[in-house]
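Those protein sequences? They're chains H and B, same order as listed.
Residue numbers for the first sequence follow full-length UniProt numbering, beginning at 1 and rising by one.
Residue numbers for the second sequence follow full-length UniProt numbering, beginning at 1 and rising by one.
Since the hints were made in silico from the structure, they are not lab data.
Watch out, some of these pointers could steer you wrong.
Simulated coverage check for chain B against chain H, where a stretch passes if three residues somewhere in it have a Cβ under 8 Å from a Cβ of chain H [as the list claims (entries may be wrong)]: (1) 31-45; (2) 54-61; (3) 151-159; (4) 179-191.
Cβ atoms here follow ideal geometry from the backbone N, Cα and C, with glycine treated the same way.
Letter by letter, the chains look like this.
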Amino acid sequence: MTGTGPHSSGRRSRRAFLATVGTGVTLSTSGCTELFTEVASWGDQLSVTITTVPDDDDRQSNGIFKHLASSLRAAGIDVTPDLRTTAQFEKKVLIDQDFDIFVGRYPGTPRPDGLYELFHSTFAYEPGWQNPYGVTNIDLDERLEQLRHATGTDRTTAIESVFDSFLATKPFVPVCAPAAYYAVNDEEFTGWDRQSFRTRLGYVDLDPAADVDQFDGLVTDARPTQNLNPLATHYRHTGAITSLLYDSLATQSGDGLSPWMARDWEWQDGRLTATMRPDLTCHDGEPLTAEDVAFTFEFLTDLSLGRADSPVPAPRFRRETSAVTSATALDDQTVECTVDASREVATSVLTVPILPEHVWRPLVDELDEETASTATWLREELMAESLSHVGSGPYQFESWVQGDQLTLGRFDEHFSVEDPDLPGVPVESLVLRNASNGSVAIEMVDAGDASALVTPIEADVIGETQEMETATRITDPGWAYYQIGFNTQKHPFSNHRFRRAVASLIDRQWLAETVFHGHAQPLSVPKVDTSAMDDYAWEGADPETPFVGTDGEVDVEAARDLFREASFEYNDSDELVVGN
Amino acid sequence: MLVSILSRVTVIVALLLAIAIWQVIGFGTLFQALRNWRPRVRAALPVTLALVPVLIVNKLARQDLVTISQEYGFRVGDLFYVIEGRFILVFETIASTQLTQYFSFIYIYGYVFLLIFPVVMYFTLQDSTKLRRLLGAYALNYTIGVTLYVLFHAFGPRQYFGSDVETMLYTFEPSYQLLTREINHYTNVFPSLHTSLSATVMIFAIRSRSQFPAWTPAASVLAVSVWLSTMYLGIHWAIDVLGGLLLAGTCVWLSCRLIGRYDVDSHLQPAYDRLGAVADRVRATGDSADERRHR
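Using the sequences provided together with the hints, build the complete structure.
Below, the structure is given as structure tokens:
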């Protein structure tokens, strides 16, 4: 704990204390929010709300939260927590975009184009993992456009220029990338090392033992057992489970893309032409054709299908749809997309899940006018858990006990069953159970009560895998990373000097060593798969905003100097005050 | 894994019950009461039936109740954090492995035993009022508790302090989470039902100290241990515990006012008569079938 711990309220002025309590009260009675916010901004101590998840959901987020809270307090800033279950947290931050600072785990992507999605101003007011910080920076936008269109060394240069801008402006603080370990049972399946649980093939490209007819997966993140809607961004991490229900034209396989619904594809002059397999069928027996693919792109670009005045994009797959200018079915099996991006970005568009038109169009058509034309209501309707689960993927929905268990059954009409070149669905059913915590999950896999723990093992229990007797530990590159995100649309987080000062209060090296028990790599820039990362690799400190302090303990005077240099002021009781 | 935990709880609680029956009631008294079970069960039935719908609603609609609480409930956890701060972490200063073992045992096994034993104990009494009032107080605790869970959405202290609570129940014994998850959602912490139900038992134990003098100190030690355990293990805020004590007092008071005042049993007489008639008929058919077979 630092000098000004959380129980220092006695030292604070009474007014500031009341404002703090007031902030707490407002969390429950939103009607009074404005009143209390007014009170808090009369030149009083700056009070910041940190939105994050409870310790049960993510112990590492909790560890970062505690470090951030005590560092901010040391710098004379008051802190109020806003704890929410993972799905509610993502709803608040990504959909409602109602936060000051958040601490959370970003699912990540190896694709450098992910940076476009994270920072481009087009997405500043859109819900989802695209630009939740509300960054609007014309210079950064230009660099991102270059990144999206460039190839070869030009692309590397573009990425580097984005990184430079990022380091200087800090829309978020990348904390560290956790090692991704999983526990698997070799007696039930083999071939675990071929693919990753982050992708569809991780569940399909396996070899079962002779008498095994069920994949018994454990999760410590229960969201797939609560909502399986592919559009529900706050219930999806990598989306691997929903990708078992909904096919895509190509599928991620190792580092590249493999043919899936599409036999092959061609890229020429900004046009991507994919040829689909014949006779594709949905789980309800209806055929699935190139028309459905064209519909999917139309729908994801505008969920209202033309009923709203301006398009309402789906909050997921926004990176992909923002690159596609049009998608047309040339015949039943051929679809042509015009894509405004480089080849690499263009082909990644093929991983978008295909939503059958006969299921989704009626859902939109049946909505009343007001719902269909109001973006927030429309999204809420279309992200509901109760919508149909009919897709065309290798598995189909069978049943669930929400929050506890999900059962999927093999879809026998699926093309992968017949095709010898594809990994076919190996077992009849796939069950996912909520294991409560990593320790229980590891023990269950080791005892042979489950096939695998398919969500990454939390850093604090990775050590327990050493004691496993029958289970094996596997790993994958795991592109997820933890971040501290700022709402740059709000004062004082709109000020990059303030954000940089906060970044200097975070000891990433110490967090990786303690909270992550050494099972994490500290980051100074967003983690993506590019050679440019080498020049920005972590070397003990952030090049722009090194930590002020030692071993996670902030140097109080140095911290205050940082904020003073950033033109913030302190009152007589050493509280950082915000003037108007 | 859940099954193995459940069977372990069953075995240990059964053992504790046996010891307590032997020490507090005496097996002779219990068997005598069991031989004459009919009026006792009949007296306790109406109040027990009142508990059933609450249990069913909570079991079937827990997910929906949690959703309602999430959408419309008062979010008070963050407020508790601001008001109470790191108070419960004072227990970390006295923490030891033995103490963690003790409080974990109390939180799971001691608590279940504490709730079941007085039911057995008051069952042996001629006058069923105590039994009915205890069951009534349980039902009230549970009903009001579940309502408050919907009204107040809050996370417990361990969700804020994380690894600072080194004596966290699920760090010590992770598999217990499979059990507690079946009973409760982690956003249900205010008030502490562990506290309110154990306090209820304690109040009854004090009131019946002339009949069961050995039980009063035992129940008191156990109940206070349960209150402390909820904080020591990082599960509840002190505010939840205070809320639980208040709830217990209210429920005991309400139960004593309501039960023994209305003669619910007489209203059930026609139902019993009909049930009796059906039973007689079944028995008669059975007998005549037997006769036919013997003939």
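The hints, checked one at a time:
Coverage of the stretch 31-45 of chain B by chain H is violated. Counting CB-CB distances below 8 Å, 0 residues qualify, and the rule asks for three or more. Chain H is given as covering the stretch 54-61 of chain B, and this is violated because 0 residues of the stretch bring a CB closer than 8 Å to a CB of that chain, at least three being needed. For a cut-off of 8 Å, the count of residues in the stretch 151-159 of chain B with a CB near a CB of chain H stands at 3, and the three-residue condition holds. For the stretch 179-191 of chain B, the stated coverage by chain H is satisfied: 3 residues place a CB nearer than 8 Å to a CB of that chain, which reaches the threshold of 3.
Hints 1, 2, counting from the list given before, are not met by this structure.
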